[in-house]
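A.B. asks: The residues making up each chain are set out below.
There are 2 protein chains.
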Amino acid sequence: MSAPQDYILITGGAGYIGSHTVIELVNNGYKVVVVDSLVNSSYDAIARIEYIVKQPVPFYQVDIRDGEKLNEVFQKHKITGVIHFAALKAVGESTEIPLEYYDNNVNGTISLLQVMNKNNVKSIVFSSSATVYGDVTRFGDNSMIPIPEHCPTDPTNPYGRTKLVIENILRDVHSSSSSEWKVAVLRYFNPIGAHPSGLIGEDPLGIPNNLLPYLAQVAIGRREKLSVFGSDYASHDGTPIRDYIHVVDLAKGHLAALSFLNKTNEGSFREWNLGTGKGSTVFDVYHAFSKAVGRDLPYEVVGRRAGDVLDLTANPTRANKELEWKAELTIEDACKDLWKWTTGNPTGFKIEGYEWKLFETEGHANRLHTFTTGDVTIALANRGALIQDLSFQGEHLVCAYDNGDDYKLPTNPFFGTNVGRVANRIANGEFKLNGQTYKTPKNENNNTLHGGLVGFDKRNWLGPVISKKEDVFTVKFALIDEDGHNGFPGDLQTIITYTIEPTAVSHEYEAKLINDKVDATIVNLTNHSYFNLSGEPTTDDTDVTLFYDKYMEVDDKTLLPTGNLIKYPHATANVPVHLDQDAFFDYCFIVDEDGCGIDTRKSQLKPIFKATHPRANTEFLFSSTEPSFQFYTGDGVNTKGFVKRSGFCIEPARFVDSISFEKWAPQVILKKGETYGSLTKYSFSKKQ
Amino acid sequence: MSAPQDYILITGGAGYIGSHTVIELVNNGYKVVVVDSLVNSSYDAIARIEYIVKQPVPFYQVDIRDGEKLNEVFQKHKITGVIHFAALKAVGESTEIPLEYYDNNVNGTISLLQVMNKNNVKSIVFSSSATVYGDVTRFGDNSMIPIPEHCPTDPTNPYGRTKLVIENILRDVHSSSSSEWKVAVLRYFNPIGAHPSGLIGEDPLGIPNNLLPYLAQVAIGRREKLSVFGSDYASHDGTPIRDYIHVVDLAKGHLAALSFLNKTNEGSFREWNLGTGKGSTVFDVYHAFSKAVGRDLPYEVVGRRAGDVLDLTANPTRANKELEWKAELTIEDACKDLWKWTTGNPTGFKIEGYEWKLFETEGHANRLHTFTTGDVTIALANRGALIQDLSFQGEHLVCAYDNGDDYKLPTNPFFGTNVGRVANRIANGEFKLNGQTYKTPKNENNNTLHGGLVGFDKRNWLGPVISKKEDVFTVKFALIDEDGHNGFPGDLQTIITYTIEPTAVSHEYEAKLINDKVDATIVNLTNHSYFNLSGEPTTDDTDVTLFYDKYMEVDDKTLLPTGNLIKYPHATANVPVHLDQDAFFDYCFIVDEDGCGIDTRKSQLKPIFKATHPRANTEFLFSSTEPSFQFYTGDGVNTKGFVKRSGFCIEPARFVDSISFEKWAPQVILKKGETYGSLTKYSFSKKQ
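Residue numbers (our numbering), protein chains in the order written: chain A, 1 to 688; chain B, 1 to 688.
Think of the hints as simulated: they come from the structure by calculation, not from any bench. Some hints could be false.
Straight-line C-alpha distance at most 35 Å; calculated DSBU-like pairs for lysine-lysine [stated by the list, open to error]:
(1) B:K118 / A:K350
(2) B:K663 / A:K118
(3) A:K69 / B:K69
(4) A:K69 / B:K76
(5) A:K357 / B:K118
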């Protein structure tokens with residue numbers, strides 16, 4: 001292994017501002033570790049971050065008050081700095097349960113600082129708030145508006161007081177060994193908006209406290225109308241003035257603070273306002289968001305709210321100068337991004353019909369995701385983006401282990417998983433491409449099978465990113481297969497999209513070369529589920545219909561294609577075959593003798609195979625855009641809980657070992673700039 | 001059992017101010033529970049408190065940050081209010097290790113409040129500090145001197161900031177349910193002095209931060225001279241002015257605050273200064289203490305100290321009015337009490353040659369105290385104030401169990417313990433006194449033996465209070481035996497004083513009736529140690545010499561005295577007896593046929609018994625002021641680790657069953673106003 005990488009620890013990295021900051025850090029080459037208790041946030045944010053940045057982000061579900069657990073994280077990673085978000089943050093709530101606020105925020109920080117001290121990590125960026133200034137209009141004249149950092153602090157609620165206490169603790173800690181501690185205190189004004197990807201954003205539990213989240217819920221129909229608290233202030237439209245800053249600008253402010261600390265050699269303690277310096281009224285924001293939504297949203301002007309004041313605009317000059325940071329996005333940008341996030345995720349991260357659980361003894365990298373819509377339930381795991389359960393009207397249709405660790409058994413016959421970079425065999429573990437010869441691991445006899453030693457099936461895929469329209473789920477997993485891994489050329493990005501409908505499930509592959517390392521590679525992807533409709537330990541008595549009866553002749557010894565496509569002797573197209581002891585299959589049947597291009601999604605989806613069982617109600621139809629499919633009766637299966645013929649496989653894909661045959665090679669050669677694609681669909685109906 | 005008693009929880013009750021407050025509370029009828037982590041304090045303070053107030057004070061060694069342990073205390077006792085002292089309190093140290101200060105003080109309080117909340121205890125008196133005001137001279141004019149509670153807060157060090165944070169937390173908690181929480185914030189000025197008893201006081205670890213403790217160490221010779229930081233202030237003598245308040249006055253302030261809270265029916269939050277309102281300069285205090293010591297103490301004027309200001313005097317009017325409390329003691333009183341504490345405890349609670357450990361599985365009530373001086377080592381336990389070890393030049397001389405729990409074995413033959421209220425037998429378990437008949441438990445045949453079912457030997461004695469002059473320890477234990485307990489009349493207070501010298505140990509009994517419940521009771525006390533010089537399992541071969549050979553004739557069946565004092569047939573005064581199988585003793589030998597008065601300490605200390613052993617070096621001489629002594633060869637012993645004749649007893653006391661014989665009764669009848677007393681001494685020398 002290479003030397004340990006420097007990591008930045010992000011506490012509360014699953015939260016609104018935290019998650020956006022993680023993205024900015026990773027996109028700027030930082031390695032980050034996230035700890036979050038998830039009491040007020042969702043791990044889905046992390047999963048989506050990993051999907052967005054296309055790399056894993058180490059995550060630990062830790063309450064920072066648990067010094068022991070937190071310390072373990074410092075043991076596992078070489079942490080050089082901390083950005084500290086973890087906190088409770090609802091002003092109103094803080095007046096009702098102040099102890100919880102002091103405990104979470106203040107105790108939490110003390111615990112964090114003690115662990116940092118213990119591990120000699122003495123660089124911290126702290127997530128403070130403009131709330132520490134309190135009501136700056138108390139100075140009568142406008143001497144303190146826009147608010148500078150030297151403005152005296154006097155928070156008016158427990159939440160604000162916890163932030164101020166923490167600032168003081170940090171100041172005292174810095175003073176206690178001022179040569180060592182580097183402390184950046186960032187005082188936020190009003191963060192708004194969401195990530196332009198539309199994949200992460202603010203996901204308030206309960207009734208939102210802030211203007212825009214509330215407005216968004218009005219727009220999406222979760223709230224009736226916006227209440228405007230007072231329109232008799234001395235502003236251009238009578239509503240109070242605040243400094244709204246796009247959360248992405250805010251996130252970048254942390255990056256700026258971090259590099260500031262990295263640049264200084266001795267210790268330091270400094271506060272910076274993060275704001276735009278431009279005040280906007282409630283109505284300004286209202287209009288901007290209505291514009292983004294495309295219609296005027298319902299609102300009502302009600303009485304002033306206790307504690308509200310006319311103007312709380314930041315003076316961000318210090319940050320502009322010292323951090324060389326400036327807010328660049330507009331309220332319009334924020335409203336656009338917020339609306340994208342809101343429409344894509346009307347209920348935030350929580351999606352009805354979807355739930356997940358940890359699937360391995362340790363960690364979040366491999367979770368099990370269960371989706372239910374209409375008659376279909378499907379469970380997908382990150383490992384191999386595999387199908388762990390597939391049921392129609394309560395009938396379970398695939399072979400699976402009940403826990404993630406079992407999938408690592410050497411006897412696992414690729415249950416439910418997606419295989420690649422090249423499914424099926426590569427003769428003699430080598431191939432030629434653009435005049436160059438590539439060697440791949442010989443993991444089956446003299447050949448390479450299903451992508452080699454650590455194929456796509458043995459990797460934890462990133463994501464998923466889930467969306468739901470009406471009763472249809474779209475679930476995306478991503479995998480980056482690095483150049484040279486298993487001997488294949490080029491960084492390959494693969495995205496698999498499961499579409500889950502009330503009576504069907506389809507999965508679509510999309511792969512392309514990234515990072516310009518090579519001009520071409522080879523790809524052949526398929527799903528390797530073992531199907532069994534019977535509800536019994538064996539598939540015997542299953543009636544199957546192949547819609548095609550030509551197959552690839554193979555050499556009996558090497559099991560490699562001879563190059564001939566001939567009629568299969570023991571079956572006939574569209575004539576049902578009763579699976580009994582004599583009916584053995586492990587052959588590639590041909591849908592299109594002419595093969596195909598690199599993206600078969602352009603060609604039509606054809607029925608290829610059908611299965612029923614006398615003692616089951618489900619009729620199972622397989623369709624695909626692929627030019628061939630392997631039909632395997634699972635005679636080699638022998639693993640925990642399953643034996644010979646426990647399930648059969650239908651693997652739509654490119655011709656077996658295409659790369660070894662000039663005429664078939666184009667099916668699997670993916671050139672830079674092109675996209676590999678294919679689509680396979682499982683349709684279910686009640687047997688007539 | 002009776003209904004649960006209401007308790008006040010005192011956190012940090014073993015500390016300087018805490019311990020004095022506990023005394024005031026108990027003396028005013030409160031029941032208190034003390035929790036203290038003892039990191040900065042000593043359990044000896046609690047032991048001495050119990051000795052002073054003559055009752056047990058429940059104690060738990062708990063760090064209040066340990067919510068679980070703290071909650072157990074709330075489960076064990078019905079707590080109705082809390083006085084919260086527990087905190088780190090050294091200003092200078094707080095600037096070096098601020099995190100520990102925030103953790104101990106702030107986290108500690110949050111944890112305490114959470115446990116209180118959980119147990120629905122919502123009344124708290126908080127130990128704050130005038131430090132929260134910071135440098136009040138910052139207001140230029142003297143508008144804030146003397147300092148009123150409305151003076152703006154701005155502490156200048158982490159310690160002060162922890163106190164202010166806690167005040168804010170308490171205010172927020174009160175506001176969150178203002179009808180329920182009752183909060184009293186007491187801001188102390190400069191506590192000085194010690195308890196008039198001289199038994200408890202300030203015991204600073206390391207170099208004292210404060211003027212008087214430092215001055216006291218100069219006086220006692222632990223420090224060379226006092227440094228006076230600046231004599232060029234605008235005061236009458238050029239030294240800064242502070243508000244020094246006697247710790248006992250301060251303690252009473254807590255009592256006043258507590259009754260204030262008890263009086264108010266709805267919730268409340270209020271700050272009060274606890275000070276005298278009278279400023280004194282450093283030199284004022286210096287002179288007052290020099291006067292108490294009786295000589296001028298060495299000092300040197302050095303430069304001003306950073307952060308020092310001219311005048312920090314309290315305005316205590318609010319406390320005077322609202323709490324009806326006023327500081328009444330003078331600086332002179334404080335200096336006198338401090339000097340008494342200092343001379344009596346030159347090294348504070350830590351005494352060279354003394355150490356203690358817990359002696360039972362649970363709790364501090366029964367500790368084992370070991371003292372070493374010269375050739376003598378003795379270990380004393382609170383249970384029965386018993387002697388667990390007694391050695392001379394490394395030769396162990398008494399029978400003992402090695403842990404406190406074994407002393408509760410039913411087979412324990414009174415090892416090392418002090419027996420009472422009436423040692424030896426009371427015929428037929430009843431006696432007449434002032435015409436009234438009292439019945440006592442018949443715990444041996446038809447008689448009462450050694451005070452009945454739960455005699456003095458089975459009680460945990462209070463204390464000890466230990467002092468050391470040159471190489472002599474004085475160790476006092478106290479026991480209150482309640483009226484009617486075991487059938488005896490009157491509340492009897494017994495104090496046993498062990499005097500431990502380099503070659504001798506003596507123990508002295510002093511008992512008197514308290515609380516005026518009866519005119520008279522009966523008392524007869526003795527120590528029941530089993531001696532064995534041999535270092536072997538048996539006392540056989542021991543050579544003993546009785547200095548008297550008359551004894552109390554007893555009835556063979558009842559073992560009760562016949563009333564005759566006659567020559568003992570099988571031994572002669574001053575003629576050594578070799579203890580072999582034939583030599584059996586369980587008789588009371590007579591030192592003075594005329595008996596004695598109730599306090600034998602007035603008569604002389606007479607040698608009564610001597611013992612040596614051929615294979616041991618120690619010569620053991622017993623002397624006593626008592627008129628008789630029981631000599632018992634331990635033939636009835638049969639307990640864990642010990643059998644017949646493992647040790648012999650010498651029990652100097654009053655005549656057996658005196659109360660049943662008119663002529664002897666005066667020996668044991670203790671009248672109100674009189675004092676029962678006796679003295680017994682063990683002297684050791686190296687055998688010639």
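A.B. asks: Look at each hint and say if it fits the structure.
C.D. replies: Checked hints:
Between the alpha carbons of B:K118 and A:K350 the distance comes to roughly 32 Å, so the proposed pair stays at or under 35 Å and holds. Of the supplied pair hints, the one linking B:K663 and A:K118 is violated, its CA atoms being roughly 78 Å apart against a limit of 35 Å. At most 35 Å may separate the alpha-carbon atoms for a hinted pair to count; A:K69 and B:K69 meet this at roughly 21 Å. Taken as a hint, the A:K69 and B:K76 pair is honoured in the structure, with Cα atoms around 31 Å apart against an allowance of 35 Å.
Distance restraint check for A:K357 and B:K118: the Cα-Cα separation of roughly 32 Å lies within the 35 Å cut-off, and the hinted pair is therefore satisfied.
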